[in-house]
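S.K.: Top to bottom, those sequences are chains A and B.
Using numbering that gives the first Met the number 0, the letters of the first sequence correspond one by one to residues 0 to 96.
Using numbering that gives the first Met the number 0, the letters of the second sequence correspond one by one to residues 0 to 391.
Since the hints were made in silico from the structure, they are not lab data.
Ideal Cβ placement from N, Cα and C applies to all residues, glycine included.
Mixed in with the good hints there might be a few duds.
What the hints assert, rightly or not - BS3-like, lysine-lysine: derived pairs with alpha carbons at most 30 Å apart:
#, chain 1, residue 1, chain 2, residue 2
1, A, Lys75, A, Lys61
2, A, Lys10, B, Lys236
3, B, Lys312, B, Lys286
4, B, Lys17, A, Lys10
5, B, Lys376, A, Lys10
6, B, Lys221, B, Lys286
7, A, Lys10, B, Lys231
8, B, Lys312, B, Lys370
9, A, Lys60, A, Lys43
10, B, Lys231, B, Lys250
11, B, Lys250, B, Lys236
12, B, Lys286, B, Lys231
As the list claims (entries may be wrong) - Stretch by stretch, here's where chain A covers chain B in the computed footprint (C-beta under 8 Å, at least three residues):
#, region
13, 95-103
14, 119-129
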Amino acid sequence: MVKSELELSWKDLEVGCVVSEPGNASQYRTGDWRSVRPVWDSEKCIRCGVCYIFCPDMAIKKTEDGYFESDLYYCKGCGICSQECITGCITMVEEEE
Amino acid sequence: MGERVGIEVSLAAAEAVKMANVDVVAAYPITPQTHIVEHLSELVADGELDAEFIPVESEHSAMSVCCGSSAVGARTFTCTSSQGLALMNEIVFIAPSMRLPIVMILANRSLSGPLSIWNDHTDVMSIRDSGWIQIFTENGQDAFDHVMFSFRVAENPAVSLPVIMNMDGFVLTHVIEPIEFWDEETVKRYLPDFEPVNRLHPDNPVTMGAFGLPGIFTEAKKAQDQALINSKPVILKAWKDMGDLVGRYYKPVETYQVEGAETVFLSMGSVGETVSIAVEELRAQGKSVGQVKLRLWRPFPFEEFREAVRGVKQIIVIDRAITYGGPGGPVASEIRSALYLEENMPTITNFLCGLAGRDVTAEDYIAMFEKTEQMAKGKVRQEDYIIYGVRE
Numbered sequence: 000m001v002k003s004e005l006e007l008s009w010k011d012l013e014v015g016c017v018v019s020e021p022g023n024a025s026q027y028r029t030g031d032w033r034s035v036r037p038v039w040d041s042e043k044c045i046r047c048g049v050c051y052i053f054c055p056d057m058a059i060k061k062t063e064d065g066y067f068e069s070d071l072y073y074c075k076g077c078g079i080c081s082q083e084c085i086t087g088c089i090t091m092v093e094e095e096e
Numbered sequence: 000m001g002e003r004v005g006i007e008v009s010l011a012a013a014e015a016v017k018m019a020n021v022d023v024v025a026a027y028p029i030t031p032q033t034h035i036v037e038h039l040s041e042l043v044a045d046g047e048l049d050a051e052f053i054p055v056e057s058e059h060s061a062m063s064v065c066c067g068s069s070a071v072g073a074r075t076f077t078c079t080s081s082q083g084l085a086l087m088n089e090i091v092f093i094a095p096s097m098r099l100p101i102v103m104i105l106a107n108r109s110l111s112g113p114l115s116i117w118n119d120h121t122d123v124m125s126i127r128d129s130g131w132i133q134i135f136t137e138n139g140q141d142a143f144d145h146v147m148f149s150f151r152v153a154e155n156p157a158v159s160l161p162v163i164m165n166m167d168g169f170v171l172t173h174v175i176e177p178i179e180f181w182d183e184e185t186v187k188r189y190l191p192d193f194e195p196v197n198r199l200h201p202d203n204p205v206t207m208g209a210f211g212l213p214g215i216f217t218e219a220k221k222a223q224d225q226a227l228i229n230s231k232p233v234i235l236k237a238w239k240d241m242g243d244l245v246g247r248y249y250k251p252v253e254t255y256q257v258e259g260a261e262t263v264f265l266s267m268g269s270v271g272e273t274v275s276i277a278v279e280e281l282r283a284q285g286k287s288v289g290q291v292k293l294r295l296w297r298p299f300p301f302e303e304f305r306e307a308v309r310g311v312k313q314i315i316v317i318d319r320a321i322t323y324g325g326p327g328g329p330v331a332s333e334i335r336s337a338l339y340l341e342e343n344m345p346t347i348t349n350f351l352c353g354l355a356g357r358d359v360t361a362e363d364y365i366a367m368f369e370k371t372e373q374m375a376k377g378k379v380r381q382e383d384y385i386i387y388g389v390r391e
């Protein structure tokens, strides 16, 4: 894991702020942005995968039993999954302080 | 050493770019830069220069192409003036932040309006704070030499910053001068091959020009500021080595007849030669006058400048651009600032002149000296700046 950007001094930066490690955007915790999180109701879920398809950040994973859950490291709480869910099984729940 | 030939300075500059074995030229024609780019286009078309000449649709694209080609490790050149630089503006600031060692000749011309094609320094002053290394040339030989210098400094891995070589429009670009060309061996010895610090290449993927969040932006700017400051030793070495090779030793701050001078003129670019004539004339009249010329504008040579004016009582700063509603010309503002904490700070008078091609003769500089003397004696009110020669 690279240093958080808030720990970097100006001397740590690469020349021209080049990012020399390909794909390291995956280390960025966009989950910090979230104020609400999706919660699935497995009673209503038909395992269709629409939430998985619509998630713009690929932050929804399929579980072993075929249901879906969000990866809270990346999930920004945008609510698109909840909006698109056919059976209305995803509720956006306030994150606690 | 090479041959001495009578040639238009623009063509000589283009020949120097050819001799530097540039890989990519991306430019859009604009007066008075045209002959430089036109000649490079001919050299490529005639097979004399093995380079990509990219006739872009605008200067915005010209600088964008330059960023791309420099990023893959191609030696890159462009050239513009005035409105072209204005259109290029967005990318002009991006090139140094990405540390791309592009070389640009700026054939200095006034920014509109009124629409003008003639020479002054308003174009370069508009991008003063863009982060490029900025130098001024005084004559044709100087311009030829500094094409080589610009590539050498820009591409040095310890620098990796773009360089603007200022060359006064028409006054330099369109005159024919005797210019001593470098021979190939000298160019080879002076200018190593370009090895970029970072290179866009599929075998070793990197991201250039990424987003900078508030948490990192300040550090990025500090690193960029320090990079420009740190370029100075490389700049000095490049001048020293050039002197050793071709016998012409350039300096960040150059002086003429300053020994014991109470008053000095300070100028940048081609007007320096006319000022020298005025200085000789005034010396002949027994006046204690000398001359200081700023060749290096960014990074600003504080140390050398303070040393050059030590003991001087009065500095007459010649500005070729207006700072509307501001503290005087941009050069004078910086000179005042550079001397503010010095003991026995000299008095600074500021004349804005030679705007958009208006002739300024040696007699005019003598008149400026006389006006300065009167101000010093309290005979005329001391003013922050004077727009010289304006009709009331």
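S.K.: All hints are to be evaluated individually against the structure, with a verdict given for each.
M.R.: Comparing the hints with the structure gives:
{"no.": "1", "hint": "A:Lys75 - A:Lys61", "result": "18 Å, holds"}
{"no.": "2", "hint": "A:Lys10 - B:Lys236", "result": "24 Å, holds"}
{"no.": "3", "hint": "B:Lys312 - B:Lys286", "result": "13 Å, holds"}
{"no.": "4", "hint": "B:Lys17 - A:Lys10", "result": "37 Å, violated"}
{"no.": "5", "hint": "B:Lys376 - A:Lys10", "result": "52 Å, violated"}
{"no.": "6", "hint": "B:Lys221 - B:Lys286", "result": "45 Å, violated"}
{"no.": "7", "hint": "A:Lys10 - B:Lys231", "result": "19 Å, holds"}
{"no.": "8", "hint": "B:Lys312 - B:Lys370", "result": "15 Å, holds"}
{"no.": "9", "hint": "A:Lys60 - A:Lys43", "result": "18 Å, holds"}
{"no.": "10", "hint": "B:Lys231 - B:Lys250", "result": "11 Å, holds"}
{"no.": "11", "hint": "B:Lys250 - B:Lys236", "result": "10 Å, holds"}
{"no.": "12", "hint": "B:Lys286 - B:Lys231", "result": "35 Å, violated"}
{"no.": "13", "hint": "95-103", "result": "holds (count 4)"}
{"no.": "14", "hint": "119-129", "result": "violated (count 0)"}
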